[in-house]
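Engineer: Work out the full structure: start from the sequences and follow the hints.
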Amino acid sequence: MELTRKNGLIKAIILAAFTVLTLTWIVVVTVLLIRKHLKNKNNPKNETVVQKSDKKTETVKPDVPVDPKDLKHYSNFIVIAKKIEELCNTSDDAAVIQHMTTNGFVHTSANPLLFTKDDLSLKIGRPITEIINRVDCETIKNLKHPNVIETYQYYKFTANNSVTNDQYPVEITLSENVSPLTWNGGDHAQIKMVMKDVLEGLVYLQTKRIVHNGIILINLIQKWNGTRNVIKISNFDASVILPEGETTVHLWKIKPSWCYAPELMIYGYIGLKTDVWMIVLNVMLSMLQYNLGGASCTTLAQQWVNAYFGSDYYRRLDLVNLAQPFHPLFNNSNPNDLDHFIDCCLQIKEEDRPSPKNLLSHPFLTQSP
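In the numbering used here, the protein residues as written are 609 to 977.
Each hint should be verified, as a subset may be incorrect.
Below 30 Å or equal to it, Euclidean Cα-Cα: the simulated DSS-like pairs (lysine-lysine) are [as the list claims (entries may be wrong)]:
1. Lys752 to Lys800
2. Lys749 to Lys690
3. Lys749 to Lys691
Each pair of labels, with its calculated beta carbon distance range [unchecked claim]:
4. Thr772 to Gly793: 42 to 48 Å
5. Pro971 to Val687: 51 to 57 Å
6. Tyr776 to Asn942: 43 to 49 Å
7. His796 to Val687: 46 to 52 Å
8. Asp700 to Pro971: 50 to 56 Å
9. His681 to His948: 48 to 54 Å
10. Lys965 to His796: 19 to 25 Å
11. Thr974 to Lys863: 35 to 41 Å
12. Asn966 to Asp795: 33 to 39 Å
13. Pro676 to Asp951: 51 to 57 Å
Keep in mind the hints are simulated off the structure, nothing from the lab.
In this text, a Cβ means the ideal position worked out from N, Cα and C, and glycines have one as well.
Structural biologist: Below you can see the structure in the form of structure tokens.
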């Protein structure tokens, strides 16, 4: 009996303890649920709980008003560009020129249309859309180098002229205003400076895989930097971007001209060293004008090209002896390092020419007079 009573008492104690624990757990859970309910009621799910912060709220500064005379700002440039587009659709170049000059621009060129105002230059051109991988305006705008013209804004459209019933692409670019390249004939020191500047620009362009394909005198400009005139490369109308992993690109639809490199005249392609040929044939030979017996350098350069390639620049391989070196014949002798520089650049095979980067270390450019 005594043992039975003890067992019953133990069971009663255990049951009571279990009951107390159960009730305690129920109370705790109930309290937590009530608190959560009250919290959700005061802060609905679609509201964000604002966290207190010691940080001060910065006052948003108002936008600085745009100077209406600042054409570099897109909002001002696009007004002019849209007006030009309207005139291209409804009238002719004369109307565009009249509108621009009325608004304070100076007309400086007819083909392409070129205007200047203060420190700016505005060009209205018709791009050669047949060029494969042609450099677009966005790429040109992003070019930043002291020996490449700086472009601030651009706008392109397709003109549908209601007067002539013509349809053609138009590109408007706003760039820095610079001066045409000027030189003293036969000044070797100036020739070195020009060659160095242009080659530096070409080295930069090659980092972007750009072949300019238009290194001629009118596409080189100069700007005073406080010490000297810095030469800049401009006009990318015939320029291309080489495809990734490629060193050449074919331009079969481009009509050959004597000022182009042999690979374009004969084979219809351009490459990374195309500009090397052009910088000597079209620029250096002109700057050596005093050595040319008083004749026009352009005329003589064209005569040299015609004598080698023939006057028909349509890839007439039967007229060209590529084994024969191409070398201009000067009436007066030049320094040996200058002659060597010319010979290096005027190699018929593109792959035989030095790169712009390598040319910068040529003795003609590195040695003092």
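Engineer: For every hint, state whether the structure bears it out.
Structural biologist: How the hints compare with the structure:
1. Between the alpha carbons of lysine 752 and lysine 800 the distance comes to roughly 23 Å, so the proposed pair stays at or under 30 Å and holds.
2. Between lysine 749 and lysine 690 the alpha-carbon distance is near 19 Å, which keeps this suggested pair within the 30 Å criterion.
3. Taken as a hint, the lysine 749 and lysine 691 pair is honoured in the structure, with Cα atoms around 21 Å apart against an allowance of 30 Å.
4. Hint check: threonine 772 to glycine 793, Cβ distance near 43 Å, so the stated range 42 to 48 Å holds.
5. A hinted range of 51 to 57 Å holds for the C-beta pair proline 971 and valine 687, which are about 53 Å apart.
6. The beta-carbon spacing between tyrosine 776 and asparagine 942, approximately 45 Å, falls within the hinted interval of 43 to 49 Å.
7. Against the hinted window of 46 to 52 Å, the Cβ-Cβ separation of histidine 796 and valine 687 comes to about 48 Å, which satisfies the hint.
8. Taken as a hint, the range 50 to 56 Å holds for the pair aspartate 700 and proline 971, whose Cβ atoms sit roughly 53 Å apart.
9. Roughly 50 Å separates the CB atoms of histidine 681 and histidine 948, a value that falls within the hinted 48 to 54 Å.
10. Restraint check, lysine 965 to histidine 796: a C-beta distance of roughly 22 Å satisfies the suggested window 19 to 25 Å.
11. Checked against the given bound of 35 to 41 Å, the beta carbons of threonine 974 and lysine 863, roughly 38 Å apart, stay inside it.
12. The supplied range of 33 to 39 Å is broken by asparagine 966 and aspartate 795, whose beta-carbon atoms lie about 24 Å from each other.
13. The supplied range of 51 to 57 Å is met by proline 676 and aspartate 951, whose beta-carbon atoms lie about 55 Å from each other.
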